[in-house]
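A.B. asks: Going down the list, the protein sequences come from chains F and G. FYI, this note's numbering numbers position 241 of the first sequence as 222, with every residue one higher than the one before it. FYI, this note's numbering numbers position 105 of the second sequence as 111, with every residue one higher than the one before it.
Hints are computed from structural coordinates only; laboratory data are not their basis. All of these numbers come straight from a predicted model, not from anything done at the bench. A couple of the hints might just be wrong.
As the list claims (entries may be wrong) - No farther apart than 25 Å at their CA atoms in a straight line, the calculated lysine-lysine pairs in the BS3-like style are these:
hint	chain 1	residue 1	chain 2	residue 2
1	G	K80	F	K21
2	F	K21	G	K69
3	G	K80	G	K69
4	F	K174	F	K130
To be verified - Derived coverage of chain G by chain F (criterion: at least 3 residues anywhere in the stretch with Cβ under 8 Å from a Cβ of chain F; other residues may be distant):
hint	stretch
5	64 to 73
6	97 to 110
Note that CB positions come from ideal geometry on N, CA and C, so glycine has one too.
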Amino acid sequence: MSRGLGVLALVAVALVGGVVAVLGFRVSPQPAASAPPEVKALNADARRTLREEPQELARDSVTRAAEQMTLRVRNISCAGVATGSGFAIDAHTIITNRHVLQGAAVLELNTWDGGSLDADVNEASTGRLVDIGVTRVSADLPAVAELGKDPEVGDRVTAVGYPLGGPLTLSAGRVVRYLDGRSLPGEIAFDAKVLELSTRIKHGNSGGPLLDRRGRVVGVIFAGQPGVTAEDFMRVAYAIPLSAVQQLTALGGQQAVVPCA
Amino acid sequence: MIAFAIVALGGAATYFVYASKENRDAADRWRTRAGTLERTLTARVRQLNTRTEALNKAAASLKRSEADVTELSKRQRELANEKAQVEDARGALELQTTSLATIAGEQRDCTTGLAELLNRYAAEDFAWVDANAATVSATCEKAQTDFAAFQAQLG
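All chains should be modelled from the sequences, with the hints used to inform the complete structure.
C.D. replies: Structure (C-alpha cells):
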C-alpha cells in the first residue's frame, strides 16, 4: 500500500517537474538576432562648425558692422588731397575730426566695399572747442553706429579706420588711462578728458570710431604720438570719449568749414 | 501524511503551472515591447545617421563657402581700396587742372601785358609804359611764382 503511494508521489513529482520544465523553459525569450545599426560619427569639419561657428559669427558680425559704419573721407582742398576716417551716426550724418574737414573745397566719402558718396561741404561744420567735425550726405549711408558708454581703464577696444588712406583696418587694444586733454601738445590740446590707447593707428585713422567689445562706438580717434616717420604706427593713440564729444560740442557750438584759398 | 503530501504537491503543481503561464505571458509582452523598441531604435539610429551625413556634407559645403566668401571679400576690399586710390589721384588731377588753368590765365595776362607794353614802347607811348610797366611786371612775376610753386608741388 505504502509502496503504491510512494510510486504515486514520485509520478506526481515527475508530473509537476515536467510541467514546470515545459512551461518554465519558455519563460525566457530568445534574444533577437539583429543588433541596431552602428551610429556614424561627425567629421572634423562638422565638429569644428558646431563648436566654433557661433563665436565666429558673433565676431564676424561685429567686424561687419564696424566696416559698414566706417567711411573713408577724402578732403580736396587748395593744399591737396588728404584722407581720414569717419562714421555714420544717422542715415545722413557723419562724424569725423575737425582737422579732417579743414579747408575742404570738396568732400568725398568711400565705403568699405567701394561705394562713393559726395558730402556737402556747405553742410559740414566743426566743433569750436574740440577736434570733431560733422558733415552730411544726401544719399542713405550703409550703416549707422550704435553708441555706447565711456570705457573703463583696461577695457578692450578696437580702433577702426583707413590708415594712410589704405584699406580699412581694425586694430585691437586696451584703454591705458584717462588723460587731461590740456596736458597734450599745444596743437591738439583741449579742455576735456582724453583716452590713451594701446591700439596701433596711423595718419588716416583720424575721425574713425573707437569700438567696445560689442561693437558700440565709445570714442573718436583724433591723434597720437608720432612714430619715427609719417608711415610708422603712432607710439600712443588718443581718442575723445563720446561724453566729451557731446559735452564740448554743446558747449562751444559749431563753425562752418571754410575752403582754403 | 501521504495524503497531505499529495495535496501539497497538487497545490504546488497548480501554483507553478499558473506562475509559469504568467511568466510566459509577461515575457511575451516584454519581448513584444523590446521588439517595438528595437525597431524604433533602429529607425532613430538610421535617422541620426542620415542627419549626421547631411551635417557632414553641410559642414564641408560651409567650409568651401567660407573660403570662397573670404577670398571674395578680400578681393572686394582690394578693389575698393584701388578705386579709392584712383579717386584720390583723380582729385589730385582735378586740383592740378584747376591750378594749371589759373596759371595759364596768369601767363596769358602776362603775355598780353608784355605785348601791349612792347607795342606802346614801339609807338613811343612812354607815359603808358611808365604807368603800366610795374603792373605787367607784377602779373608776370606772379605767373612765374605760381608756376614754380606748381612744379614744386608736383615734385
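A.B. asks: Which of the numbered hints above does this structure break?
C.D. replies: Violated hint (a single one): 1; every other hint is consistent with the structure.
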